[in-house]
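Student: Sequence lines, in order, name chains A and B.
Take the first sequence: its letters are residues 1 to 538, numbered as in the numbering used here.
Take the second sequence: its letters are residues 539 to 875, numbered as in the numbering used here.
Wrong hints could be hidden among the right ones.
Computed cross-link-like contacts, SDA-like style, restricted to lysine to any residue with a CA-CA straight-line distance of at most 25 Å [as the list claims (entries may be wrong)]: (1) Lys728/B with Ser219/A; (2) Lys762/B with Asp506/A; (3) Lys848/B with Gln782/B; (4) Lys765/B with Lys285/A; (5) Lys89/A with Ser219/A; (6) Lys329/A with Thr578/B; (7) Lys682/B with Ser726/B; (8) Lys285/A with Leu137/A.
Chain B is nowhere near these chain A residues, computed Cβ spacing over 12 Å in every case [to be verified]: (9) Glu229; (10) Phe253; (11) Phe258; (12) Ala294; (13) Ala323; (14) Leu445; (15) Ile486.
Note that these hints are calculated values from the structure, not bench results.
Virtual Cβ for every residue (Gly too), placed ideally from N, Cα, C.
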Amino acid sequence: MTKINQPFYSTNLSFYIILCISIISIIPLFTIIINSSIIDFDFTLFKNSQFLEYTKNSLIILFFVLFLTFIFGVIPAYLVTFYNFVGVKFFKYSLILSFAIPPYIFGYSLSAFFENFGSGYTLINLIWDTNNANSYLPNFSPIVNSVLSLSFTLYGYVYLLSRTSFVGQSVNLLDLGKSLGFSSYQRFFKIILPCARPGIFIGLSLVAMETLSDFGTVSYFGVSTFTTEIYNSWFIFDDLNTSNFLSLLLLIFVLFFFIVENYLRKDSRFHSLKNEGKRKKQALKGTKNFLATAFCLCLFVFSFVFPFSQMLYWSIKFPEYLANFEILKLNLNTFLLIFFTSFFLISVAIFTNFGNRVLKNRFLSVFSSLSISGYAIPGIIISVSIISFFSLVSSFINFDLKTIFIGSFYGLILGYFFRFYSIAYNGIKSNFLKINYSLDESSYLMGFDKFKTFSTVHWPILNKNIFFIFILIAIEIIKELPITLILRPFNFETFSTRAYNFATQDLIEATAIPSMFLIFWASIFILISFKYFFQDNK
Amino acid sequence: MNFFVYLIVFFFSLHINADEINLYTTRHYDSDIKLYKEFTKQTGINVNIISGKAKPLEKRILEEGKSCKGDLFFLADAGRLYSSQKNGVFKKVSSKVLEKKIPAQFRSDYWFGITKRARIIFYNPKKISSEDLVNLSYEDLTDKRFNKYIAIRQSNNVYNQSLIASLIENHGLEYTRSWTKKFVTNFSRKPKGNDRAQILSVASGESKLAIANTYYYGLMLSGKKGKEQKEAAKKVRPFFPNQQNRGTHMNISGIGVLKHSPNPDNAIKFIEFLLTHAAQEHMVNNTFEYPMIESVDPPSLITKMGGSFKQDNITNVSSYGKWQTDAFKIMQEAGWN
Chain A
1 MTKINQPFYS TNLSFYIILC ISIISIIPLF TIIINSSIID FDFTLFKNSQ
51 FLEYTKNSLI ILFFVLFLTF IFGVIPAYLV TFYNFVGVKF FKYSLILSFA
101 IPPYIFGYSL SAFFENFGSG YTLINLIWDT NNANSYLPNF SPIVNSVLSL
151 SFTLYGYVYL LSRTSFVGQS VNLLDLGKSL GFSSYQRFFK IILPCARPGI
201 FIGLSLVAME TLSDFGTVSY FGVSTFTTEI YNSWFIFDDL NTSNFLSLLL
251 LIFVLFFFIV ENYLRKDSRF HSLKNEGKRK KQALKGTKNF LATAFCLCLF
301 VFSFVFPFSQ MLYWSIKFPE YLANFEILKL NLNTFLLIFF TSFFLISVAI
351 FTNFGNRVLK NRFLSVFSSL SISGYAIPGI IISVSIISFF SLVSSFINFD
401 LKTIFIGSFY GLILGYFFRF YSIAYNGIKS NFLKINYSLD ESSYLMGFDK
451 FKTFSTVHWP ILNKNIFFIF ILIAIEIIKE LPITLILRPF NFETFSTRAY
501 NFATQDLIEA TAIPSMFLIF WASIFILISF KYFFQDNK
Chain B
539 MNFFVYLIVF FFSLHINADE INLYTTRHYD SDIKLYKEFT KQTGINVNII
589 SGKAKPLEKR ILEEGKSCKG DLFFLADAGR LYSSQKNGVF KKVSSKVLEK
639 KIPAQFRSDY WFGITKRARI IFYNPKKISS EDLVNLSYED LTDKRFNKYI
689 AIRQSNNVYN QSLIASLIEN HGLEYTRSWT KKFVTNFSRK PKGNDRAQIL
739 SVASGESKLA IANTYYYGLM LSGKKGKEQK EAAKKVRPFF PNQQNRGTHM
789 NISGIGVLKH SPNPDNAIKF IEFLLTHAAQ EHMVNNTFEY PMIESVDPPS
839 LITKMGGSFK QDNITNVSSY GKWQTDAFKI MQEAGWN
């Protein structure tokens, strides 16, 4: 376990600190398992028609969201990587702006547009002046609405990851396909798609995790799914233990995608980016050019322009809601959360990854990987775990930890730590993996100690990407709702809690201003980090 | 290091304030916040707020236990108030003022109704004649003549659960079970959307009857939702059922003092303030609910709908909480999604 030229106590201390961090980070998982195991569980639940109904709904939604995000992600990624068509440069970047829209806000826009006497009705009346505008608007079922909201806001994962895979594909391989006389369709299905499989699956796994743990969207449209049932057991039957048990079932299901994702991520490292020679993009002409542009344009319009303009329309139509809007305070709150959380998360992730690299302890390394499971747990369950856990510990140790962590800024940061630690951990880890171990060895030979090795060898390589990890965390925190809602201190609001408050009092129009700010900041973050999203171009 | 010590002190100091009350609320009205500011102006007592969903807030209060800084819990459904009372969230409070102002069926020893809301029927006069609705009760909505007429939101909605719970309280489980089964067959579409969406469905002619709370209609008529929604609301008429028997189903928003409230005196002062003439007037004029105290008239938009209707003064609203779980089971069994 101990490593050369380092005092024993120091490595030992790092070992325990990393162990502690890992133990703390699995508190939600631990609490869910403990609470699920104490229920007097009735196994007839699995035969219950309600259980079957919401499981079926969850699977239907999952299936269609995966299907649509595959189409919305892979096709434009393929087009912008291999072809030139009108607007290709614009679409390459703009298609990831959909990350700025949380699915629940897309849901608000969708329902407001298509409902009876909604904005679609106003628009049709404006153009045709008819009395019957409601009947021209399609009447989507709640499941269709949920699938659309989730697909248009989550396809970015598949788009980005499959694009990265496409860019990394060997030009020689593609040339070989050409010389074998493959048509562009054959090349796509026989070479490009199979080679990009790991990237696409990672993207789809992320989509699956987000879809399965989504509550905001499905509950807004009123679809009974696994997550809404978790809420029903608690909110209506007042049975938090069953709700914990259902969360555990969901978690097992979600962890399946999580493991697939992690496995593929490891696997994909070996498909390194050997981009021999310069790829020449093929120019599309005529109908093909038009179709490619039309497809990307529609996708951009539906995923970003549509929800954004709905919010803009409301902000202009109902300016009175701006009056009570505490712009400065909300911005300050959001940014305080972002800075403190990302500082904390990134520091912990650097320490843990560096420790793991130095200690080379297999147990610790596996245990640390478990600590990122929080990403798969719905936010509300994380918040409840924090509340239950600190209440339990406080009564054990006879010290009031509750006041420190429930309803405080620290509690919020801890909640985000559980939920988003994986972003920081995986981000830093993948950068550490790029640093060859021989560099560490040379540094030790030169007489540098571990800290010096970190500061002079690792840090200059790591710090380029830290900003990108910070941005990713910031985007998630800005959009986060359930943890903030439950764990926040008195009088503490963010854009998402403001939007939620208005939505629940049926003033969906008033959600426009907080939503606009939310989208605005998230878009700014995405814009300034474009070069990181597309760093494979270098 | 000093910087961090400063920060820690800063964040803790956010919570420290001498004369204050801390309020947990599931009501999200901006107008409520204005009212609380008025309370601060009058008494010098600051009101700190956390809003959210009922159960997570309840969980937080219960787990915080004695260290809970909260003084009051404001909930928007009688069933939820009952459930929180049962779980030991509230402390017993006796106030002569409150007992005098609030009718007995809208309060318990632990909580007090602040505003009322009626869950009524809306119809489209172009599609259905008002004569067809004469003497109509909720109980009659299972009639075959209403086949494919009714729009209502989903069974997981707490106002629907309370409505069905009131039927259980008045007629028993068996009657309600068979009533709900027939009622579901009269739905015009698969339940979706909020109460306003049901009213809009009637306005568009998609459904002929809708069941919704009155304040959604008031909100549409007020123009706060835009002119299209105002025009749509005008196409719809309200109807108050059960006028020949126990009266229209009423629900409440109510508030109780928390068990470990650090400022119970201020908390009671606050509840009494909410029941003053001015506060009640402010609330109902902004939220379009019905006032709890008699001296205040409902907002004019609401009185136009029918000011003097018979409210259900027989069924104690506590019973909604007692039966809500059974109500939800019955609704699910009947295929009410």
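Student: Evaluate each hint against the coordinates.
Tutor: To see whether the hints hold, each was checked on the structure:
Between lysine 728/B and serine 219/A the alpha-carbon distance is near 15 Å, which keeps this suggested pair within the 25 Å criterion. Restraint check: the Cα-Cα separation between lysine 762/B and aspartate 506/A comes to about 11 Å, which is no more than 25 Å; the hinted pair holds. For the given pair, lysine 848/B sits about 9 Å from glutamine 782/B by alpha-carbon distance, which is consistent with the 25 Å threshold. With a C-alpha separation of about 47 Å, the suggested pair lysine 765/B and lysine 285/A falls outside the 25 Å cut-off, and the hint is violated.
With a C-alpha separation of about 37 Å, the suggested pair lysine 89/A and serine 219/A falls outside the 25 Å cut-off, and the hint is violated. Of the pairs offered as hints, the one joining lysine 329/A and threonine 578/B holds, with about 20 Å between alpha carbons and a cut-off of 25 Å not exceeded. Taking the CA atoms of lysine 682/B and serine 726/B, the gap is about 13 Å. The hint holds against a cut of 25 Å. Between lysine 285/A and leucine 137/A the CA atoms are separated by roughly 35 Å; this puts the pair beyond 25 Å, and the hint is violated.
Its beta-carbon lying about 10 Å from the closest one in chain B, glutamate 229/A breaks the requirement of being farther than 12 Å from that chain. Listed as a non-interface residue, phenylalanine 253/A keeps its Cβ farther than 12 Å from every Cβ of chain B; the least gap is roughly 22 Å. Once the 12 Å rule is applied to beta carbons, phenylalanine 258/A is consistent with being away from chain B; the minimum gap is 25 Å. Under the 12 Å C-beta cut-off, the non-interface status given to alanine 294/A relative to chain B holds; the minimum distance is some 31 Å.
The non-interface label for alanine 323/A is inconsistent with chain B: the shortest C-beta to C-beta separation is roughly 9 Å, within 12 Å. At roughly 35 Å from the closest C-beta of chain B, the C-beta of leucine 445/A stays outside 12 Å, upholding its exclusion from the interface. Chain B draws isoleucine 486/A into its interface by the beta-carbon criterion, the shortest separation being 5 Å against a cut-off of 12 Å.
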